[in-house]
Each structure stands twice: as C-alpha cells, then as structure tokens.
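S.K.: Given the structure of chain R, go ahead and fit chain B onto it with the hints provided.
There are 2 protein chains.
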Amino acid sequence: MSELRQDPTTFDWVIMSKERAKRPHDFVKKGRNSRLLPDHDENCPFCPGNEARTPEARAVYGEGSAWRIRVVENKYAALTPKGDTAREEQGLFRKTDGYGGHEVIIETPLHNQCIPFMSDEQVVQIIRAYRDRAISLKQDRNIKVIIIFKNHGESAGTSLEHPHSQVVASPIVPPLIRRRYEIATQHYDNTGRCLYCDLLFDEVKAGERVIRETEYFVALHPYASRYPFETWIMPKVHSSSFSKIVDIETSDLARILKEVLIRLSEGLDNPDYNMIIHTAPVDDEHKTYFLWHIQIIPRLTLAAGFELGSGIYINTALPEETAAFMRGVL
Amino acid sequence: MSELRQDPTTFDWVIMSKERAKRPHDFVKKGRNSRLLPDHDENCPFCPGNEARTPEARAVYGEGSAWRIRVVENKYAALTPKGDTAREEQGLFRKTDGYGGHEVIIETPLHNQCIPFMSDEQVVQIIRAYRDRAISLKQDRNIKVIIIFKNHGESAGTSLEHPHSQVVASPIVPPLIRRRYEIATQHYDNTGRCLYCDLLFDEVKAGERVIRETEYFVALHPYASRYPFETWIMPKVHSSSFSKIVDIETSDLARILKEVLIRLSEGLDNPDYNMIIHTAPVDDEHKTYFLWHIQIIPRLTLAAGFELGSGIYINTALPEETAAFMRGVL
Numbered sequence: 001m002s003e004l005r006q007d008p009t010t011f012d013w014v015i016m017s018k019e020r021a022k023r024p025h026d027f028v029k030k031g032r033n034s035r036l037l038p039d040h041d042e043n044c045p046f047c048p049g050n051e052a053r054t055p056e057a058r059a060v061y062g063e064g065s066a067w068r069i070r071v072v073e074n075k076y077a078a079l080t081p082k083g084d085t086a087r088e089e090q091g092l093f094r095k096t097d098g099y100g101g102h103e104v105i106i107e108t109p110l111h112n113q114c115i116p117f118m119s120d121e122q123v124v125q126i127i128r129a130y131r132d133r134a135i136s137l138k139q140d141r142n143i144k145v146i147i148i149f150k151n152h153g154e155s156a157g158t159s160l161e162h163p164h165s166q167v168v169a170s171p172i173v174p175p176l177i178r179r180r181y182e183i184a185t186q187h188y189d190n191t192g193r194c195l196y197c198d199l200l201f202d203e204v205k206a207g208e209r210v211i212r213e214t215e216y217f218v219a220l221h222p223y224a225s226r227y228p229f230e231t232w233i234m235p236k237v238h239s240s241s242f243s244k245i246v247d248i249e250t251s252d253l254a255r256i257l258k259e260v261l262i263r264l265s266e267g268l269d270n271p272d273y274n275m276i277i278h279t280a281p282v283d284d285e286h287k288t289y290f291l292w293h294i295q296i297i298p299r300l301t302l303a304a305g306f307e308l309g310s311g312i313y314i315n316t317a318l319p320e321e322t323a324a325f326m327r328g329v330l
Numbered sequence: 001m002s003e004l005r006q007d008p009t010t011f012d013w014v015i016m017s018k019e020r021a022k023r024p025h026d027f028v029k030k031g032r033n034s035r036l037l038p039d040h041d042e043n044c045p046f047c048p049g050n051e052a053r054t055p056e057a058r059a060v061y062g063e064g065s066a067w068r069i070r071v072v073e074n075k076y077a078a079l080t081p082k083g084d085t086a087r088e089e090q091g092l093f094r095k096t097d098g099y100g101g102h103e104v105i106i107e108t109p110l111h112n113q114c115i116p117f118m119s120d121e122q123v124v125q126i127i128r129a130y131r132d133r134a135i136s137l138k139q140d141r142n143i144k145v146i147i148i149f150k151n152h153g154e155s156a157g158t159s160l161e162h163p164h165s166q167v168v169a170s171p172i173v174p175p176l177i178r179r180r181y182e183i184a185t186q187h188y189d190n191t192g193r194c195l196y197c198d199l200l201f202d203e204v205k206a207g208e209r210v211i212r213e214t215e216y217f218v219a220l221h222p223y224a225s226r227y228p229f230e231t232w233i234m235p236k237v238h239s240s241s242f243s244k245i246v247d248i249e250t251s252d253l254a255r256i257l258k259e260v261l262i263r264l265s266e267g268l269d270n271p272d273y274n275m276i277i278h279t280a281p282v283d284d285e286h287k288t289y290f291l292w293h294i295q296i297i298p299r300l301t302l303a304a305g306f307e308l309g310s311g312i313y314i315n316t317a318l319p320e321e322t323a324a325f326m327r328g329v330l
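Top line first, the protein sequences correspond to chains R and B. Letter by letter, the first sequence follows residues 1 to 330 in my numbering. Letter by letter, the second sequence follows residues 1 to 330 in my numbering.
If you are wondering where the hints come from, they were derived from the structure by calculation, not from laboratory data. Hints should not be assumed to be uniformly reliable.
[Claimed, not checked] DSSO-like cross-link-like pairs, simulated, lysine-lysine; straight-line CA separation at most 27 Å:
{"hint": "1", "chain 1": "B", "residue 1": "Lys236", "chain 2": "B", "residue 2": "Lys138"}
{"hint": "2", "chain 1": "B", "residue 1": "Lys18", "chain 2": "B", "residue 2": "Lys29"}
{"hint": "3", "chain 1": "B", "residue 1": "Lys236", "chain 2": "R", "residue 2": "Lys22"}
{"hint": "4", "chain 1": "B", "residue 1": "Lys205", "chain 2": "R", "residue 2": "Lys95"}
Fair warning: this is a prediction, and the values are worked out from it, not measured in the lab.
This is chain R alone, in the form it adopts within the complex (with noise of 0.2 Å):
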C-alpha cells in the first residue's frame, strides 16, 4: 500500500509509491561523460575570449583582467525593461507587458568547472552574486519577486553546458509564490512562529531525512519531497528573504552547497537537476512569515498527465532512504 504525505509549505499531496518503489541506486544513470569536457569551448559565448558574443556586462567579479564571474543580461531575456507593468483587459483575457529584468551568472571562467570542482572560494563568490544581483534588481520599484535559479545539464532545460546561473525579477508575484507565502503567514498568526523553522525543527528531531548539518544550514530530503532525491538547503537562523544573507553565512553556506552537490553527483552519476532560490516577495521581506531556503530538483523522473493535471505527484523513492545513501556517499 502507498501512503500520501503532505507537504505544509503547499498543502500538496504526495504519493509515495511503494508498488513502483525503486531502491536509491536504481536512480544512477550510468555512461555519461559529461566530466570529459574541455574546460575551454571556443564557440562557447560564456568562455574567455568571447564576451563579446553576450550583452555588456551588468557586473565583473575578478581581480586584473582575468574575471572570475561575469553577470550579462540574458540575450533571451524573458523580461527586460521596457514597456510598463498596467494590465489590459479585454473580457476574460488579461495582459501586461513583459517587464522585468532577465540575467545569466556566469559562474566560472572554466567551461567544464562545475560546482562541485570548484574552490570553496569561488562558490562563495557565486552566492555572493546572487545576493548582489538580488539587491541590484529589486531597486526598481516595480520589481515584485526576485528567482534566482540553476539548470544543470539538458534534461533540466539548458543547452549551454558551460556553468552559469539565471536571476528573473519579474513585476508580479505570481499565485505559486504567493500561495506559499500565504500558508506561512497563516501558520504564523495561529501559531506566532514560523511555519518553516517549526518544519525544521520536526526534521531535524526525526533526523532520518537530514544528510548535512553545519554551523547555519541544515540539508535534508523533505518529508513529503515530490521528486527522488528532492534536495532543501535551510538555513537555522531565521531570514525572509535571501538578499539579506551576512557573508559568514554565505562561507558557510557554500560549503553545505558544494558538499550537497559533490554528493549528488557521485552518489547519482552527475544527473541534471535545477536549483532555486525562494524567497520572499519583494514587498514582504521585512516581515517574519517565511524562511528563504534552497530546493534542489534531480531531474531523475517525469511529470506524466496525472501529476500535471491533479498537482499530485508520485515519488518512486522514500526521502529516508535516498537521504540514508546520501549520507553514505563520500
């Protein structure tokens, strides 16, 4: 029999399927090479070299002439700023312009140097972009939600391999965002704590889900994860919102970064997977209702028509024993 498990950030519902269940190994996709790289592409336009090929740079990290990270505007972007952010109406159909802001972090001057091979240093240095693109895009007063997020390899939809990280700041707070922010400011006026530092505490008492602990973070396989090996990066002291993260949290927090995904990678074999950011809405981040946090997505199953059109998706692996192997990986 399976059991359905709810997810107190969303109310979501989760099927873990223990008639389709799969043993965390069973998740190893074998034969990919993608560590035999060139750590230098010259048709790469995020490679050395050719920086002219993307839009000017938004902000250069480095020292001399030699960058460690560059911040472009997306050359795709999704959002720019332009028009303005009035909704039209015509009858049931709503519209707005697409304004906002749509840039790539280059994360490294080295086409095959993905976090896990990376100095602590550098990651520090990434997450230390974020924050200041974070800060950087919410200057605009129109900006209502800053999500700052990673594709890694094509099955999580990119096509360039070379390291980089996208931040959209999008004029809206769309009802996925909001929805979540919501259920957490309802926890804290019954409960006058916050939802997500009380789930912490609840994983951390039952420890069986957590892989990592350090000084600020905590890395755990959520009780009622959606997807295998489902990944949420906490931290312990209390913060709405990721813009306002002290630099000895970020030293920190890259090491729980990099560890997390040296061990996916060895555990799974390097598998695609995104990783976000949430935070709070722009508007909202002076108040205590939410805990910004990382979740991590191994891209190792689909959503099929039951998951997309019931919102209920079916885990194929318990989160205690793919976080047991985790912790067995190194």
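M.R.: Then chain B, alone, in the frame of chain R:
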C-alpha cells in the same frame, strides 16, 4: 518585448516570449518512426493473448471472444482500495493511506493503433469507457476526485507503447483542483455565470485561437497557453462533470478529439503528449460552477528552474500562430 498573459481559470501568468519565439513548424520533430510499430507484440502485456499478464479485467468491451477495449487495475497502482482515509499527524508531518483506485484502459487490441488511426466508433467507445469507469469508481463514497488521463510517448511519461489511458480515483481533493474549482465558484458568485462558458464565449468571439467547432464542442489553443500547442476541447453545453456526458455528445466528442489528434500528429509528426480530463470534484458535481474540459499538452519543451520555482511558464509560441498552423493542417 515579451508579454505576460493571465489564465483566468488559474490566475497563473505565462510569459509569451517573442525574443525566444519559434515558428510553429520549428516544433516538428524529424525522423521519428513511431508509425513503424507492429500491430502485435508478443512481449506487450496489453496485446491479445497476454491477458493473464495484467490484473483481472474490471470491464471488457466487445462482442464474442474478441475484446475491443479492456479495463484492468494498474499492475503498479499508485492508489489501491486498501487502508482508510483518516489522516495521521505527528508535528507538521501529515499522512494517510494510499487509498483509492488506479485503472488502465487498454484502448484497442492493436499494438500500433493510436487514436488518429481508429474508427470513429472505437473512439466513441473509449470515451464511453472513460465515463463508465468514472461512474463506477465514484460509487465509493471515499473517492473525492476522478482524474482521467493519457500519456502518449516516452517524454510524456509512458514506457508502454500500446495505446492506453488511465483513471485515478483519489480520496483527496488536491490544492490544484480545489483552487481551479474555487476560482470558478468565485466567478459564479460574482457574475451568476460559469467562468469557462464566459471564456469559451470570448474565445469564439475572438476566433483566432479556435481550431475547430462542432455541434457540441470547440477545440482551441487558449489565450494564456502554458505550453506550445496546448489544446483545450470545451463543451458548448454547460456541464460540471464529465461523467454526465450523454451519448450524442460522446459521438461528437470522438470526432473532434480524433480530428485534433490527427492534426497534431500530422502537423508535428506524432509528438508525445499528455491528455487530461478536468472535471468537478465528486462532491461538487451537482453544482453548476465548473465546466469539464479536456486539456492536451504536447511535450515539446521542458519546465526548467524558473517554471518550477515561480509557476510562471515561458511559452515560446503564440497560440494565435499555432492555432492558425493547426487549422492549416489537412
């Protein structure tokens, strides 16, 4: 500049990206050999002769010894009629037994006969089998939602080539379905009219996204399509529940569904797709606030970190253009 459009049935926003826009024919996938399958595969559990390899039939359609459609329990059922629906809670962790139903509708005895190649009569019978299963499964008072869906092709999440659909009977109304239903209810409370009927009226008036209109149905690419070539088939006669469809409507639906799938298959060279029948929760079927409808999602693009993190989808094809393209096929 791109455009943000809002889906009035979910309030979700979609970015219609002109910078990334593709022409409709760019989505054609070349070199697929999907029509070269044999009409019988002795290793296929759904082919005649292998009936013993599936769980016992719940329903069989056809005359004499030869079946035309078989309905069986899913061998790897996500939900089964075992346990109960009481919730168990421990701190923030809430769960319940995976109670419910999960059936497979084997649509044809022929291994390679997809809907575009079936007789109209066979498609009518499939739709009536859907209706029969919905009516049967909801006799159980624990069942709150019926989800009928079809996964066509590997990237739509199926591993079995033999044409089949699935029905899941869930003891829980998931937030995605509750939310859609609540938005329709709110519209009814405000206007005294069905949101979906109003939307259909606006779409038919605009005309440019309509593909085909029959006596009882309209097929269209909705204004705020999340996915390129996303297609809805909406009934013109108001009804909350698919299970109340009458025979004259099933015949008309079979014709328009088959035609839509032929156009999709011819126009894009048999793309993988998911098909979902959206219908009111069981306990709300007697109310008039919702309109059941069919959604077809061709799997031509991937949801990446931005979509998963924000719920805002980037659509790289305008529904006005894809609908015109579809009208031109045949």
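S.K.: Starting from the hint list further up, note which numbers the structure goes against and sort them upward.
M.R.: 3
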